[in-house]
Amino acid sequence: GQQVMQIPQYQHVQEGEDFTTYCNSSTTLSNIQWYKQRPGGHPVFLIQLVKSGEVKKQKRLTFQFGEAKKNSSLHITATQTTDVGTYFCAGRGTYKYIFGTGTRLKVLA
Amino acid sequence: NAGVTQTPKFQVLKTGQSMTLQCAQDMNHEYMSWYRQDPGMGLRLIHYSVGAGITDQGEVPNGYNVSRSTTEDFPLRLLSAAPSQTSVYFCASSMTGDGGYTFGSGTRLTVV
Chain A
1 GQQVMQIPQY
11 QHVQEGEDFT
21 TYCNSSTTLS
31 NIQWYKQRPG
41 GHPVFLIQLV
51 KSGEVKKQKR
61 LTFQFGEAKK
71 NSSLHITATQ
81 TTDVGTYFCA
91 GRGTYKYIFG
101 TGTRLKVLA
Chain B
1 NAGVTQTPKF
11 QVLKTGQSMT
21 LQCAQDMNHE
31 YMSWYRQDPG
41 MGLRLIHYSV
51 GAGITDQGEV
61 PNGYNVSRST
71 TEDFPLRLLS
81 AAPSQTSVYF
91 CASSMTGDGG
101 YTFGSGTRLT
111 VV
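Heads up: the protein sequence lines correspond to chains A and B, in order. Residue 61 in my numbering sits at position 61 of the first sequence; the count goes up by one each step and never skips. Residue 23 in my numbering sits at position 23 of the second sequence; the count goes up by one each step and never skips.
Please note that a few of the clues may not be correct.
Cross-link-like lysine to aspartate or glutamate pairs, in silico, EDC-like; alpha carbons within 20 Å at most [unchecked claim]:
| hint | chain 1 | residue 1 | chain 2 | residue 2 |
| --- | --- | --- | --- | --- |
| 1 | A | 36 | A | 17 |
| 2 | A | 36 | B | 73 |
| 3 | A | 106 | B | 38 |
| 4 | A | 96 | B | 30 |
| 5 | A | 51 | B | 98 |
| 6 | A | 70 | B | 98 |
| 7 | A | 96 | B | 73 |
| 8 | A | 96 | B | 59 |
No lab work stands behind these hints, which were simulated from the structure alone. Small disclaimer: the values here were computed from a predicted structure and weren't measured.
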């Protein structure tokens, strides 16, 4: 069945450093979504990518969808303490989204 | 507009007991899903629904039942609770299968 893996599992960065998490699917995806979950909270939708090679930006966050639509990345420039949380990708197969294992980001002030 | 409401927020069950986790949304969303979240495992799909009367299995459906008699409600039933079902359960909904999902605040379930 469809599998979605994320690396790294954990990342500790100093405030102001950049951060990147990678998402890889075993199958071609029709689209991919990214979510953020704060500690003790629930996942919150950030963005959706649909087109091959698509790049979208939200302030300091840059999202990319691979040319083959099997991988994606989220890059945060100059991290802040408010970026702390777990970032999940979710790849769409048929009718359902399969979530990646998540990358837990800790930002050290 | 409450979004996605899950009840209860916390629950402790004894092994073998049954219970229903409630999920309701007031956004007229067609798509609804149940996920469980365990440390290091991410979010795993249990069951999902693409509309009233239509449900299907996700990645980890064993031990769980669902039904979707109305657009608003999507309850998750644990038939005979087991310690392996100790987890945080999230319900989520989306207007269409292509849109972002709105998650409820979760139910933390402990089975002893």
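Point to revise | Violated hints - listed by number, lowest first | key: Of the numbered hints given earlier, the structure breaks just one, which is hint 2.
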